[in-house]
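Q: Could you slot chain X onto chain D? The hints should help.
Protein sequences appear in the order of chains D and X. Quick note: the first sequence, position 96, residue 96 per this note's numbering, numbers continuous. Quick note: the second sequence, position 17, residue 17 per this note's numbering, numbers continuous.
Because the hints were derived from the structure by calculation, they are not lab data. Treat the hints with care, as some may be off.
[To be verified] One-sided excerpt, in silico: chain X residues whose CB lies under 7 Å from chain D:
1) A56
2) V85
3) F87
4) F93
5) P94
6) G105
Just so you know, even glycine gets a beta-carbon here, dropped at the ideal spot from N, CA and C.
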Amino acid sequence: MTARLAVAFAWLAAVVTVVFLMAPLATVVAASFSPSPVFDLPLDGVSLRWYERIGRLDGFWPALSLSLQIAVLSTAIALVIGTLAAIAIVRGRLPGAEALATALVSPLMMPGLVLGIALLQYFRAIGFTATWSALVLAHLIVTLPYVARTMIAGLALFDFTLVEAARTLGCTYAGAILRVMVPALAPSFLTAGLFSFLASFDNYPVSIFLTDVRTKTLPIKMLQYIEEAPDPTLAALSTLILAATVILLVASDRLIGLHRMAGTAE
Amino acid sequence: MSSPDGAPHVVIRSVSKRYGPLTVLDRVDLTVARGELVTLLGPSGCGKTTLLRLVAGLATPEEGAIAIAGRDVTRVPPHRRNVGVVFQSYALFPHLTVAGNVAFGLAVRGRPREEIDRAVARTLSLVRLEHLGSRRVSALSGGQQQRVALARALAVEPEVLLFDEALSALDRNLREDMQVELRRLLREIGATAIFVTHDQDEALTMSDRIAVMNGGRIEQLADPKTLYARPATLFTLGFVGQSTRVRGTVAAAADGVVTVDTPVGRLSAMGHFAAGSPVVVAARPEHLNVVADAAGHDGGDRARNRVDGRVRAVIFQGSRSRIEVEAGGETLLAELPGRGAADLRPGDDARLVWPVAETFVYPDPEARP
Numbered sequence: 001m002t003a004r005l006a007v008a009f010a011w012l013a014a015v016v017t018v019v020f021l022m023a024p025l026a027t028v029v030a031a032s033f034s035p036s037p038v039f040d041l042p043l044d045g046v047s048l049r050w051y052e053r054i055g056r057l058d059g060f061w062p063a064l065s066l067s068l069q070i071a072v073l074s075t076a077i078a079l080v081i082g083t084l085a086a087i088a089i090v091r092g093r094l095p096g097a098e099a100l101a102t103a104l105v106s107p108l109m110m111p112g113l114v115l116g117i118a119l120l121q122y123f124r125a126i127g128f129t130a131t132w133s134a135l136v137l138a139h140l141i142v143t144l145p146y147v148a149r150t151m152i153a154g155l156a157l158f159d160f161t162l163v164e165a166a167r168t169l170g171c172t173y174a175g176a177i178l179r180v181m182v183p184a185l186a187p188s189f190l191t192a193g194l195f196s197f198l199a200s201f202d203n204y205p206v207s208i209f210l211t212d213v214r215t216k217t218l219p220i221k222m223l224q225y226i227e228e229a230p231d232p233t234l235a236a237l238s239t240l241i242l243a244a245t246v247i248l249l250v251a252s253d254r255l256i257g258l259h260r261m262a263g264t265a266e
Numbered sequence: 001m002s003s004p005d006g007a008p009h010v011v012i013r014s015v016s017k018r019y020g021p022l023t024v025l026d027r028v029d030l031t032v033a034r035g036e037l038v039t040l041l042g043p044s045g046c047g048k049t050t051l052l053r054l055v056a057g058l059a060t061p062e063e064g065a066i067a068i069a070g071r072d073v074t075r076v077p078p079h080r081r082n083v084g085v086v087f088q089s090y091a092l093f094p095h096l097t098v099a100g101n102v103a104f105g106l107a108v109r110g111r112p113r114e115e116i117d118r119a120v121a122r123t124l125s126l127v128r129l130e131h132l133g134s135r136r137v138s139a140l141s142g143g144q145q146q147r148v149a150l151a152r153a154l155a156v157e158p159e160v161l162l163f164d165e166a167l168s169a170l171d172r173n174l175r176e177d178m179q180v181e182l183r184r185l186l187r188e189i190g191a192t193a194i195f196v197t198h199d200q201d202e203a204l205t206m207s208d209r210i211a212v213m214n215g216g217r218i219e220q221l222a223d224p225k226t227l228y229a230r231p232a233t234l235f236t237l238g239f240v241g242q243s244t245r246v247r248g249t250v251a252a253a254a255d256g257v258v259t260v261d262t263p264v265g266r267l268s269a270m271g272h273f274a275a276g277s278p279v280v281v282a283a284r285p286e287h288l289n290v291v292a293d294a295a296g297h298d299g300g301d302r303a304r305n306r307v308d309g310r311v312r313a314v315i316f317q318g319s320r321s322r323i324e325v326e327a328g329g330e331t332l333l334a335e336l337p338g339r340g341a342a343d344l345r346p347g348d349d350a351r352l353v354w355p356v357a358e359t360f361v362y363p364d365p366e367a368r369p
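Just chain X, with the same shape it has in the complex:
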């Protein structure tokens, strides 16, 4: 698990949260280093927003402890935690101007007028809204409101910045721009930040590390590249990126490689399972290569999986094409870049070839022997 340099800054230790009979968070551990951007990624109801609210102090855990900058804040109310929160709805104060919103945190702290003015000017220029200080917030566009919300959170110089689906209200293009800009900005000021999102692209773009959450637990915590290349669980595989998968039974295991009997033939994958285990074999579609002529030679080496089948559909998606290949009653998915699929037609015989090193294997969740 790679982690940027820097001391632990936010430490969440074995935290549980229940609402009545419902366990929303189940003994979650997470450490965020100083200056690190960690994303909590997961479907709705996975507990990611609850975890963020616990860090903000807007909710209190039943068990466990939360420390920010070395101070235990588990029972500290939000106004004494020095966190900055950017909410999904932005939660800008409608009765105040842009500058009034940004100044709010410092005004509440009773800072002198000149200091507040300087901080407001500095943060507004940081988010490039220096010319809009006197506007009413209702007169701003969604993207501008988002920046004001960010500036308001930054102005108090918080120990940690918390983003609750902060970009999801923006339309697609603006959102992608903001992801890049926000990451650059947070990097620049060395902010420690926790992001909550259900958008995997946003998580991959923004984060130093991603915690994939499911059912109140962290399924996997890893940097974006590792997470994508080596999903630890079937859930992570399904939630981050595309995958193609097929069920099977382990036939043999040796040297960290298992051989699995599947409806599409015998496949090899990286993993440790005992012979006879029911498993799911999976791969990223972009690793699957399509060889139109099934009789063609591909070297025949043992580092590759091979499946012979028939093209069922070719779906053109602009920069890439998705090819569905039917074999042994199953459908496998391949993704070819550019015009790689130009001469494929439905009904053609095709051979799928992909590296064993890029083949994952997981216990079959639906098989209960």
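Here chain D stands alone, though its shape is the one from the complex:
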């Protein structure tokens, strides 16, 4: 009897949690289809007019382009550096590997605001004023923990004997890395890349301190729009971003399985 009650309670908690998490998303999606500028439930009809307006938003395309550039570039660099660092931490018998691993992951625990202010002051102090490069560097700090954490976990499970096996079978050292280690770690690379990309793409608190009037990332631009004209265009844009994310996740799941990405199975 008690056990049944416990299970029922657990289910209730699960449902409440899911509803709590999903309700805001559902509201945004619903609002994006609202025919009137003022969003009110229930909707009195469905309209795509706000979607049409996205492209006409002032400065939307440059902002989207900037955000994509920075997310892709910082993710790519983070993948290379993070993987090399993870190899050193997992494989190298270097002193303080644990401390290095913690340091690499620590930006995850630091408030973005602090990081943003610190970077702003630091870049000012050394006279580094190129906004675009500053953004890439800052986002590298944001994305590196995701890559490092995922790759350390992936490499810890990776059997380096595979590389030796490939070498005895005729591969050079570099060939063995490319033919065996990279494909065997593909799920880790994909997971790391995905989280890193998303972390960069929707970063606000760090970017806000480093952007200037002409160079604004999409999240910052979006906040500006909502201050200027609070109509459902932003809801439409959010819905599109949400849809793109879902597509990305579903594709990854098809490719390698989400359970492998989450690290709950090998």
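A: This is chain X only, laid out in the frame that chain D set:
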């Protein structure tokens, strides 16, 4: 030292390997004939895996030379040595199918598709996995993975096959089956192979010759029967098979037989030692016979050792029994087959009798005069 017919195929000459201040291999010599199965047997840290890695090219010796099929490969990287290695963890590539794993070595060598397919089919049928080529390796059992690892190593037709504790991850029954099957298979294809194991039964079952290793050196190199019957050192005696032993001092020596004073009485053994040398006298428990009635007659010939004592314990082990006999403050161990120990009880008087020819004598390692 008996060695199968065939020319020297792997020649290891005075090879040393150090890791920092630690000498892992100390001037090791070993020659493996073509078609021969040699096992490197020893406890962990004895250098056996390091020696195998040197042959594979995964490590380089500080001194000495290694030749495979007449070619000096001491400084040749592994991918140009044409060796096949079966690792303890199997090291199968998780992103490839069974056939993909087996084809790997040939694909890397850029062989044509048809040739690879034929080789994969042939090797998979050799290890009796022809029906599993399209499976993912993670879907296989441990024994099947082991076979895939073997097939992958065989597919490139290597000069020498190297096995690094290749069977130790299997459970006991499967391991024993695989030992017999693997030996048959390697015989069939005439493979030259070096096995690394810490399992003496595996070494005795599989090998043409066994190199017992200890502290970075080969203690003894011999065929399994000689190794068991005539262990050259106390270490080999202890590492291969059971033994019972007692300390003593040589009283007299003549004609290759020494007489040794021990706490259990005066014993004779085969060996050359000067009178007064501190020694250890040892024998295999299965050579010790237990005569329940100490007054009984056993011929009294000088080719046998006799010790009178008291049965301390009888341990039944199914097909055999172990009997501990206390004499002169020492405990000797006898092993009787079947129900030979049925009427022995602890506390009984007993006489142990065994042939002098089966009695070994070694310098006492703990005595430093």
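Q: Confirm or reject each hint.
A: Structure-based check of all given hints:
no.: 1; hint: A56; in the structure: holds (6 Å)
no.: 2; hint: V85; in the structure: holds (4 Å)
no.: 3; hint: F87; in the structure: holds (5 Å)
no.: 4; hint: F93; in the structure: holds (6 Å)
no.: 5; hint: P94; in the structure: holds (6 Å)
no.: 6; hint: G105; in the structure: holds (4 Å)
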